[in-house]
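Residue numbers (the numbering used here), protein chains in the order written: chain A, 1 to 416; chain B, 1 to 131.
In short, the hints are calculated from the structure, not lab data.
Hints may contain errors.
Said to hold, decoys possible - SDA-like cross-link-like pairs, simulated, lysine to any residue; straight-line CA separation at most 20 angstroms:
id, chain 1, residue 1, chain 2, residue 2
1, A, K132, A, H369
2, B, K7, A, I340
3, A, K382, A, A344
4, A, K397, B, R15
5, B, K4, A, G342
These numbers were taken from a predicted model, which means no experiment stands behind them.
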Amino acid sequence: MPKKKIYLDYAATTPVSKEVLKEMLPFFSEKFGNAMSVHSFGQEALEAVDLARERVANFFGAQIGEIIFASGATEANNLAIKGLIKSYYADPKNKIKPHIITTIFEHHCVLNACKAVEKENLAEITYLPIGKDGIINPTQLKKAIKKNTILISVMYVNNEIGTVQPIETIGKIIQKIRQSKTEGKTLYPLFHTDAAQAINYFDCDVKKLGVDLLSMSAHKIYGPKGVGVLYIKKGTPIKHIQDGGDQEFKMRAGTHNVPGIVGLGKAIELINSQLATLPTGRQARNSQRILKLRNYLIKKVLKEISKAYLNGSKIKRSPNNASFRFDNVEGEGLLLSLDIEGIAVSTGSACSSGALEPSHVLLALGLKHEQAHGSLRVTLGKETTKKEIDFFIKKLKEIIQRLRKISGGVLKDFNS
Amino acid sequence: MPLKYSKKVLEHFTRPHNQGSMKKADATVTVGNPKCGDLMRFYLKVGINTKGQEIIKDLKFETLGCGAAIATSSMATELAKGKTLDEAMKISKDQIAKELGGLPKVKMHCSMLADEGLRRAIEEYRKAKNK
Numbered sequence: 001m002p003k004k005k006i007y008l009d010y011a012a013t014t015p016v017s018k019e020v021l022k023e024m025l026p027f028f029s030e031k032f033g034n035a036m037s038v039h040s041f042g043q044e045a046l047e048a049v050d051l052a053r054e055r056v057a058n059f060f061g062a063q064i065g066e067i068i069f070a071s072g073a074t075e076a077n078n079l080a081i082k083g084l085i086k087s088y089y090a091d092p093k094n095k096i097k098p099h100i101i102t103t104i105f106e107h108h109c110v111l112n113a114c115k116a117v118e119k120e121n122l123a124e125i126t127y128l129p130i131g132k133d134g135i136i137n138p139t140q141l142k143k144a145i146k147k148n149t150i151l152i153s154v155m156y157v158n159n160e161i162g163t164v165q166p167i168e169t170i171g172k173i174i175q176k177i178r179q180s181k182t183e184g185k186t187l188y189p190l191f192h193t194d195a196a197q198a199i200n201y202f203d204c205d206v207k208k209l210g211v212d213l214l215s216m217s218a219h220k221i222y223g224p225k226g227v228g229v230l231y232i233k234k235g236t237p238i239k240h241i242q243d244g245g246d247q248e249f250k251m252r253a254g255t256h257n258v259p260g261i262v263g264l265g266k267a268i269e270l271i272n273s274q275l276a277t278l279p280t281g282r283q284a285r286n287s288q289r290i291l292k293l294r295n296y297l298i299k300k301v302l303k304e305i306s307k308a309y310l311n312g313s314k315i316k317r318s319p320n321n322a323s324f325r326f327d328n329v330e331g332e333g334l335l336l337s338l339d340i341e342g343i344a345v346s347t348g349s350a351c352s353s354g355a356l357e358p359s360h361v362l363l364a365l366g367l368k369h370e371q372a373h374g375s376l377r378v379t380l381g382k383e384t385t386k387k388e389i390d391f392f393i394k395k396l397k398e399i400i401q402r403l404r405k406i407s408g409g410v411l412k413d414f415n416s
Numbered sequence: 001m002p003l004k005y006s007k008k009v010l011e012h013f014t015r016p017h018n019q020g021s022m023k024k025a026d027a028t029v030t031v032g033n034p035k036c037g038d039l040m041r042f043y044l045k046v047g048i049n050t051k052g053q054e055i056i057k058d059l060k061f062e063t064l065g066c067g068a069a070i071a072t073s074s075m076a077t078e079l080a081k082g083k084t085l086d087e088a089m090k091i092s093k094d095q096i097a098k099e100l101g102g103l104p105k106v107k108m109h110c111s112m113l114a115d116e117g118l119r120r121a122i123e124e125y126r127k128a129k130n131k
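Make the full structure from the sequences, and use the hints.
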């Protein structure tokens, strides 16, 4: 009998929950209408899309017209950045080149979208560094704001090291700056956050956060792949970047992914309803359970494995994330050995991705290349059990011991 | 994410041959760079065969690196052992990869240091001998 596999890579993606799948299924063959069609087939689909939009708006404390469905967080982030630039240049009054502030450790979709507009000479970009704890400094961000800053984009929770950024604080700083500028008449700088990793565990009320734009993806919250949301606060100067039909308030052309949108709506509702029953609700209990399990994992790994370290802040981190690094071990070999044991995790080592550089996030933390190569990301989910964590730690110990034996003192001798 | 490796690569990764250090090696060399993630050390012991030729009597490795780096180290030592030094000098990247049932393309240039390490060890030995 094949052994049961253990999935500890919930930051990469999550399984679609049963309740979500159940709501999605009728919208493939039975209720297959195009939400833009006028007839009953179309109306049926539109109703489902509307319900999903309502659920999402409800979750974010937003209005229905502020929720744009897209293909995922990558598209949502691209739309936020490039759509703002497009809108800026559409106004003939805007003559100077705009400035964008983001962080050095954003997800590649934000980072590369910024690099793309920078390369096309459409904007100048500031990439804020992070502290050793994996958190940006709001004062430093404030100092980086210039007259021509139109956008500040900071991720809510880092996807690799799980550190939480002070979004609310930044929101307040930006609010103040806007008010001081031309008696509050300017909308700039706008504030965007990529919240893909935050939805499950953190408060995402857009008013509380003070954000104008927020991106998320369904597959990180036990929903389907290929669907996400961009929240756009009413009145935000933004233009669509994909040409086509009038879908999504003309902000995102393309036939609605109806089953996906339905799934996203249900997945977010499940978080919402669970949060609503705080403090005894399932979600709160589940978050607490995951947090306890994750703390147990970190404590045990750091105690039982020599030369093991945690990447990023111990406290200001997502309850499901443990990002380790180990001396004298290379991440891909570690990943491969764990995979052979049926355990799925992730690494920031270059050798696992085909890239030549290790993860930009780990390098941003100030780690040396050889340190970053020895990294391992373990992310827990609602199905994770203590038994699985114990088995993982046991195997991890064995594997690290084996790989360290194979490497001998080769690194130490190289450095000396 | 983990690249798709052949069964043979996984075998050599899980149970590498000739792994370890050597006390009285005739030559010891380290190749690679920790910056790239792969670092290999080879220990070479030279002997003489019945024809009076110099051969690789023993060869051991220590490797810090990915699955491909460990598997290629193992295979290179396996191929070289018992061969004359001249024959061992000719062991190529392609040959090591072929014996392993192929390697992912990206691994061919970054993790395939074993052939270089082997040649360097032999050169080192010859240099020391001719001094």
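| said: Output the indices of the hints that this structure fails to meet, ascending. | reply: Of the numbered hints, all hold.
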